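**Q** Protein sequence lines, in the order shown, are assigned to chains A and B.
Going by this note's numbering, the residue at position 52 of the first sequence is 52; the numbering climbs one at a time, nothing skipped.
Going by this note's numbering, the residue at position 424 of the second sequence is 424; the numbering climbs one at a time, nothing skipped.
In case anyone wonders, no lab produced these hints; they're calculated from the structure.
In this text the structure is predicted, and so the values were computed from the model without any measurement.
From the three backbone atoms N, C-alpha and C, an ideal C-beta is built for every residue, glycine too.
There's no promise every hint is true.
Claimed, not checked - Simulated DEER-style distance windows between Cβ atoms:
#1 57(B) x 58(A): 56 to 62 Å
#2 78(A) x 70(B): 57 to 63 Å
#3 140(B) x 52(A): 38 to 44 Å
#4 49(A) x 493(B): 54 to 60 Å
#5 75(A) x 130(B): 54 to 60 Å
What the hints assert, rightly or not - Residues of chain B placed beyond 12 Å of chain A at every Cβ, according to the derived structure:
#6 64
#7 101
#8 140
#9 150
#10 211
#11 243
#12 250
#13 284
#14 297
#15 420
#16 448
#17 479
#18 483
#19 525
Listed below are the residues making up each chain.
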Amino acid sequence: MTHISRRRFLLGASIGAAALLPSTRGMRWLDQALAAGSLESALGRIFQHRTSAVRLGRAYLERRPAESDADVLRFHLRDLAPQAGWMATRPDAVHRRLTSLSREDFGEGRVVLIDGWVLAHTEARACALVALTSG
Amino acid sequence: VFVDARTVTEADIVDSDVCIVGGGAAGIALAVEMIGTPVRVGLLESGGMQFDAQTQDLYAGGQDGLRYFPLDASRLRYFGGSTNHWGGMSRPFDAEDFQERGEVGDAWPISISDVEPYYARAGSVCGVAEDAWSVGYWNEGSRHATLPLRERFVTRVAQQVPRAARNFGARFERDLERAENVIVYLHANAVGIETDDDVRNVTLIRVATLEGQRFSVAGRHFVLAAGGIENPRLLLASTSRRPNGLGNDHDQVGRYFTEHPRFEAASIAPTGRFPVGFYTVHHARGVSIQGYVGLGDELKREEGLADVQLRLRPVYERSYAEARNSDAVESFQRLARLRSRGVDQISQDVVNILEDLSRWQDTMVAGAPLPIPHPATIEALLSSNGEERSALASMLFGDIGVFGWGRLTDSVPIEEVLVTARVTPVPNPESRITLSMERDALGAPRSHLHWRLSRIDKRSILRTLELFGAELGHAGLGRLGILINDDEDDWPDDTAGGYHHMGTTRMSADPRHGVVDAECRVHGIDNLYVAGSSIFADGGSGTPTLTLVALTLRLADHLSQRLERNA
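Make the full structure from the sequences, and use the hints.
**A** Next up, the structure:
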């Protein structure tokens, strides 16, 4: 086992961080990697207007009380993050799938009316998951 | 020839081969079609050449049911009839309109092939620029694209007749004045229809003027062309041989009154660029056109829905709307018309630019710089001297430049698109015209409208919006929010119609289901015909005027052939 002194560790970490810092791509990657981990955290980052997502999600759950369970919603939303691990739950990947699955929903008529708005099931459920899992 | 009925006696009235009641779109089209033929035509028009309040009051009547325009405010009672306020939007009916559509539409006893040969002629009578209705044709000629929707949805195109051509009275006055075989009696109100003893033939029409003259007009054939409310009113009021009115043995006269109810029904929040220009009134191939969206026939049948048209209207920034509608802009347009009389150079340049801009206006959307100069700029320009004009002109070109850039890059965002829904209601026998207890100045019973819609009409609108909303989401265009409630018995307060009075003497093969037969002849009465949108079996997906004129021209052919055979 190689012993690394506290001073050497800090130096190495600083160099590593310095190597990443000038790269915007690198920063974004680091940022996303740190944020990743769960579908909920990805959705939390996608929905910047969290309050709106929560309200919409609650309205959806009023119409579909049977789905008022995070596990049920995760099951319905499994295609948003088809694989386990942080790669699959990176916000940009989830966002891409959310968009394409919602469009697919619309194409197949899988829509829900919330206060008159015609929304795709996937996007409405994503809001519902945010509503259920946000503090 | 025009004759003022207030100045004639019964001895002056000439018998006619065809006596027409009503000088609106149908009556005038029929009379004009017969100019120069051996057929002697008499046309009875209630009004004169101008609006008159006392004459207009003969239209007043009662109403119940859904809110509707006052009956004396939804049509015009003088020569030219309601073409005097016609909006000019024209589109023929589709083949499907004439077919049986289960719960949502009754079959006509004729098909599109009976009417189609008359549409081109009807178009020229109505002032329609081109006998072309395919969306591909207009899309190709338009600078705007249609929405990228799947085939289950259709875009239909209506042409707008130029304002100057819309008024049939003004357009055909001279032709009728010169016609030797046509006499137009002005101020002549038909107040009753008399028949022979067995009610097989009409013998004369009783006429009254507001000044007190009474006389009768005899003829070989009679055509009621007085509109969707007056046609049934006159039949119902003609009780000397039939207590329930003429042609009403099966209690059908006045039933199935319909309109094209419309209201703001939804709002679209675009997710990006939303190509709405094709759906606003704009020019393509030199013609004013407008597209609207609807469900394809297959989808409508699959879902069992009535026809619903969706019209799209981008919401403009307030300053843009103000500029566009301002008096100053109007005065500039007037200036444009003065161009040929010679104005100074700078004004000429501005006029040229404005003319160019007027072609771009419909592409403007909220958040963009003004497509036309701000009214204050125009006002200043108009009142300025030559030197000041140069400075102001640069301001003007500045606006134009910024607008041009926005248009060029197509990057101007839309704030909101409002959706107006127009439904073709399912024929409803309880929606009807009856006679009121009240009487008008001529002693005739006033009409009473019982305006009803069916639950399936509202359901059709809601479902069409839902399907359209899903389609917009699928196309990545935006999200649609429905603005109306889902109570199928509750209609929005702003429900209005298009002043389209239809269905009250509907065409049917069976006298138990309608009033006129396939030849527009009242069931059971050999020489009494009806022309106009009151004969429509339902409202159809097009606009009424073009089709009612086409059917009138078909009737003209029928009458000419019949008169020729019997000559």
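**Q** Verify that the Cβ of residue 101(B) lies farther than 12 Å from every Cβ atom of chain A, and report whether the claim holds or is violated.
**A** Its Cβ never comes within 12 Å of chain A, the nearest being 22 Å, so this holds.
**Q** Mind verifying the non-interface call on residue 243(B)? Its CB should be farther than 12 Å from each CB in chain A.
**A** It holds; residue 243(B) is separated from chain A by about 51 Å at its closest Cβ, greater than 12 Å.
**Q** Taking the closest pair, is the beta carbon of residue 479(B) still more than 12 Å from chain A?
**A** 6 Å, violated
**Q** Hey, does residue 297(B) actually stay past 12 Å from chain A on C-beta?
**A** 18 Å, holds
**Q** Starting from the hint 56 to 62 Å, judge whether the C-beta atoms of residue 57(B) and residue 58(A) obey it.
**A** 57 Å, holds
**Q** Hey, is residue 211(B) genuinely clear of chain A, shortest beta carbon separation above 12 Å?
**A** 56 Å, holds
**Q** Mind verifying the non-interface call on residue 140(B)? Its CB should be farther than 12 Å from each CB in chain A.
**A** Non-interface label stands for residue 140(B): nearest chain A Cβ at 27 Å, farther than 12 Å.
**Q** Is 57 to 63 Å right for how far apart the beta carbons of residue 78(A) and residue 70(B) are?
**A** 60 Å, holds
**Q** Once the closest CB in chain A is found, is it more than 12 Å from residue 64(B)?
**A** Answer for residue 64(B): holds, closest chain A Cβ roughly 30 Å.
**Q** Is 38 to 44 Å a correct range for the gap between the Cβ atoms of residue 140(B) and residue 52(A)?
**A** Check passed, 42 Å falls within 38 to 44 Å.
**Q** A cut-off of 12 Å on Cβ-Cβ distance, and residue 483(B) was said to be off the interface with chain A. Does that hold?
**A** 6 Å, violated
**Q** Looking at residue 448(B) again, its CB stays over 12 Å from all of chain A?
**A** Fine: 36 Å to the nearest Cβ keeps residue 448(B) off the interface.
Checked against the numbered hints above, the structure violates hints 4, 9, 17, 18; every other hint is satisfied.
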